[in-house]
Structures are given as structure tokens and as C-alpha cells.
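Asks: Here is what each chain is made of, one letter per residue.
Protein chains: 2
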Amino acid sequence: MAVTLVEYANESIDLARTIQMLLVHDLVEIDAGDTYCHDAFANQDKAEREAKAADRIFGLLPAEQGQNYYTLWKEFEDRETPEAQFANSLDRFLPLLQHTIAGGSRWQEHKISKEQVMIRCRPIEDGSAVLWQQAELMIQQAVKNGRLLT
Amino acid sequence: MAVTLVEYANESIDLARTIQMLLVHDLVEIDAGDTYCHDAFANQDKAEREAKAADRIFGLLPAEQGQNYYTLWKEFEDRETPEAQFANSLDRFLPLLQHTIAGGSRWQEHKISKEQVMIRCRPIEDGSAVLWQQAELMIQQAVKNGRLLT
Numbered sequence: 001m002a003v004t005l006v007e008y009a010n011e012s013i014d015l016a017r018t019i020q021m022l023l024v025h026d027l028v029e030i031d032a033g034d035t036y037c038h039d040a041f042a043n044q045d046k047a048e049r050e051a052k053a054a055d056r057i058f059g060l061l062p063a064e065q066g067q068n069y070y071t072l073w074k075e076f077e078d079r080e081t082p083e084a085q086f087a088n089s090l091d092r093f094l095p096l097l098q099h100t101i102a103g104g105s106r107w108q109e110h111k112i113s114k115e116q117v118m119i120r121c122r123p124i125e126d127g128s129a130v131l132w133q134q135a136e137l138m139i140q141q142a143v144k145n146g147r148l149l150t
Numbered sequence: 001m002a003v004t005l006v007e008y009a010n011e012s013i014d015l016a017r018t019i020q021m022l023l024v025h026d027l028v029e030i031d032a033g034d035t036y037c038h039d040a041f042a043n044q045d046k047a048e049r050e051a052k053a054a055d056r057i058f059g060l061l062p063a064e065q066g067q068n069y070y071t072l073w074k075e076f077e078d079r080e081t082p083e084a085q086f087a088n089s090l091d092r093f094l095p096l097l098q099h100t101i102a103g104g105s106r107w108q109e110h111k112i113s114k115e116q117v118m119i120r121c122r123p124i125e126d127g128s129a130v131l132w133q134q135a136e137l138m139i140q141q142a143v144k145n146g147r148l149l150t
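So the sequences go chain by chain: A and B. Heads up: the first sequence begins at 1 in our numbering, then just goes up one per residue. Heads up: the second sequence begins at 1 in our numbering, then just goes up one per residue.
Hints are computed from structural coordinates only; laboratory data are not their basis. You may find that some hints are simply not true.
Computed beta-carbon distance windows for the label pairs [said to hold, decoys possible]:
#	chain 1	residue 1	chain 2	residue 2	range
1	B	I119	A	Q140	55 to 61 Å
2	A	T71	B	N43	40 to 46 Å
3	A	D26	B	L5	14 to 20 Å
4	B	A40	A	E136	50 to 56 Å
5	A	Q116	B	L27	30 to 36 Å
6	A	R122	B	Q134	44 to 50 Å
7	A	L97	B	E48	46 to 52 Å
8	B	Q134	A	D45	38 to 44 Å
Selected chain A positions facing chain B (in silico; Cβ < 7 Å) [claimed, not checked]:
#	residue
9	V3
10	I13
11	L15
12	G103
13	Q133
Negatives, chain A to chain B, calculated, CB over 10 Å [stated by the list, open to error]:
#	residue
14	T4
15	Y8
16	A16
17	L23
18	K46
19	K52
20	A53
21	D91
22	I101
23	R106
24	K111
25	M118
26	R122
27	Q140
All figures in this text were calculated on a predicted structure; none of them were measured in a lab. The beta carbon of each residue, even a glycine, is placed where N, CA and C say it ideally should be.
Could you put together the complete structure from these sequences and hints?
Replies: What follows is the structure, encoded as C-alpha cells:
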């Protein structure tokens with residue numbers, strides 16, 4: 001997805017670093033248990049669980065290599081560099097796309113509102129204005145089709 | 001795996017290109033159906049099935065982007081550039097590692113011989129002498145433990 005959509009990043013970015021961040025952040029989520037973004041309870045200790053997981057799995061590696069992965073993971077989480085911002089755009093755009101293709105059944109099951117999805121997806125804009133434009137269109141359409149609560 | 005083991009590539013390589021090749025070649029295998037490497041019958045039409053799959057899935061994209069992926073896939077398959085050679089090293093090293101960790105049960109189930117695994121793994125050496133050395137040790141150990149036929 002990063003390779004295919006890199007031309008829509010707001011700034012010229014280092015693709016290799018972006019891909020590495022995307023790969024590494026998923027390792028931490030696998031170890032910590034992925035947290036449903038609209039689950040307020042599970043999100044309370046998400047940062048703590050993930051920091052612990054990062055320590056554990058990157059700690060398995062030789063120090064220099066472990067530190068490199070830890071830095072990549074932290075960069076992704078901090079969302080400050082253009083690479084991290086674009087990586088986070090993709091990480092939030094993908095579920096939106098999947099919900100849209102799936103007809104929003106999970107949104108309806110969990111009674112998710114437009115407001116919740118807007119808050120969740122807003123960081124897409126920091127990495128890619130073009131993807132954010134598409135995201136807004138998908139959200140509007142989902143409201144129109146009754147797939148998201150208003 | 002490419003990020004973690006890149007220091008063992010025989011030559012200094014472009015990591016981004018290597019990762020892209022690894023990602024892209026799996027897309028083709030998903031579309032064509034992954035072929036068990038020791039299944040002589042399924043391997044007869046593997047190249048043809050995969051070329052057809054590559055045409056189909058890369059053909060879904062805008063021409064320029066599709067061509068870029070096709071080029072990456074072809075580079076992986078041709079195993080001529082240092083990046084393609086290292087990508088292929090990993091693609092062959094990983095199953096060997098997994099068989100070893102799993103105690104070789106699938107090898108035994110299919111009555112696989114040392115010779116078959118040696119032929120399959122030989123290209124590891126073209127991309128990484130270090131990984132090939134490890135591969136040889138794993139294969140020797142598997143023979144010693146009766147997990148591979150001699």
C-alpha cells in the first residue's frame with residue numbers, strides 16, 4: 001500500500017523508512033494484542049501494553065538492531081516526521097477502505113458514529129491531503145447509506 | 001526479515017527495492033496459488049500460471065505503476081541483480097528455518113530427501129554466503145536427526 005500510494009504523500013518521503021515503520025509497528029501490535037480503535041476501555045492501557053511489547057520483542061535482538069527498531073516504532077507512534085505521518089495515514093486509511101468495501105457491517109454492529117470515525121481518521125490529512133479527501137467522501141457516503149450514526 | 005538480515009547480503013544492496021520485490025512476488029503467488037516447491041506436477045505449469053497472474057493483477061493498475069510492479073516481479077524471478085539474489089535467499093531460507101523449528105514433520109510426511117532440499121536451497125548462496133552456511137548446518141542437522149532422507 002505504501003509503495004502504491006507513495007505519490008500521494010504530502011511531502012517527498014523515504015519509502016524504505018516508511019515501509020519499515022509500517023512493518024515494525026505491526027509486530028508490536030501483534031505482541032501487545034491489537035486494540036480495537038473504538039474500544040475506550042482497551043485503549044486505556046494500550047500505550048503501556050505496546051511499550052512493554054516493544055521492549056520485549058526488540059530486546060530479543062542484538063542491542064544495536066533492537067535500538068534501530070525501537071526508534072522506528074517510536075517514530076511511527078510520535079507521528080512527527082513526514083514518513084511517520086504518511087505511514088499513519090495508511091494505517092488509518094486502510095481500515096476505512098475495508099469497512100467501506102465490507103458495507104460497514106462492523107460499524108453498525110458496534111453503533112459507531114460519523115464523529116468517532118472522523119476523529120480516528122483525521123490524522124490521514126497530516127500525511128496525505130489526497131487520501132484525506134477520499135476518506136471524507138467515504139465517510140459522507142457511509143452516513144448517507146445509514147452505515148454510520150450521525 | 002530483509003531489514004533484519006540485510007547486513008548478511010553478499011553485496012551492498014538497495015533495501016527498499018529488495019522489500020518491494022519480496023512483497024510483490026507474494027502477490028503473484030497468492031493470485032496464482034502458491035506451489036509446493038517439491039510438487040513436480042504443480043511445478044510444471046507454475047511459471048505460466050504466475051505470468052498470467054502477474055498480467056492480471058498488475059494490469060489492474062494504471063499502466064506506469066503496473067509496469068513498475070511487473071519489472072520488480074520479473075527482477076525477482078530472474079535472480080540476476082544483487083537485490084533479487086538476496087530476496088531469493090530469504091525466500092528460500094525462511095521455509096528451511098520454519099521446517100527446522102517445526103521439527104521437519106512436513107519433510108517426513110512428504111518423504112523429502114537432503115538432495116531435494118539442497119537443490120531448493122542452493123540459490124541462498126548467491127545472495128548470502130552467511131545464510132547459506134547456516135542453511136547447510138540446518139540441513140546437516142536434519143539429516144542427522146532423521147528428518148530428511150539421505
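Asks: Does Q140/A really sit off the interface, with its C-beta more than 10 Å from all C-beta atoms of chain B?
Replies: Per Cβ check, Q140/A is outside 10 Å of chain B; nearest 25 Å; holds.
Asks: Looking at K111/A again, its CB stays over 10 Å from all of chain B?
Replies: Non-interface label on K111/A holds, nearest chain B Cβ at 34 Å vs cutoff 10 Å.
Asks: Can the hint on Q133/A be confirmed by a CB-to-CB distance to chain B that is less than 7 Å?
Replies: Interface hint status for Q133/A: violated (18 Å vs cutoff 7 Å).
Asks: Compute the least Cβ-Cβ separation between M118/A and chain B, then decide whether it is above 10 Å.
Replies: 30 Å, holds
Asks: Regarding the assertion that R106/A does not contact chain B, is the least Cβ-Cβ distance greater than 10 Å?
Replies: For R106/A, whose nearest Cβ neighbour in chain B is about 24 Å away, the distance exceeds 10 Å, so it holds.
Asks: Hey, is T4/A genuinely clear of chain B, shortest beta carbon separation above 10 Å?
Replies: 7 Å, violated
Asks: A closest beta-carbon separation below 7 Å is what the hint needs, so does G103/A meet it against chain B?
Replies: Violated: closest Cβ of chain B sits about 21 Å from G103/A, beyond 7 Å.
Asks: Do the beta carbons of A40/B and E136/A sit within 50 to 56 Å of each other?
Replies: 53 Å, holds
Asks: Given a cut of 7 Å on the nearest C-beta pair, is the interface hint for V3/A held or broken against chain B?
Replies: 6 Å, holds
Asks: Indicate whether the distance between the beta carbons of L97/A and E48/B respects the range 46 to 52 Å.
Replies: 32 Å, violated
Asks: Can the suggested window of 30 to 36 Å be confirmed for the beta-carbon pair Q116/A and L27/B?
Replies: 32 Å, holds
Asks: So is A53/A really clear of chain B, every C-beta pair being over 10 Å apart?
Replies: About 17 Å separates A53/A from the closest Cβ of chain B, which puts it past 10 Å; holds.
Hints 7, 10, 12, 13, 14, 16 and 17 from the earlier list are contradicted by this structure; the remaining hints agree with it.
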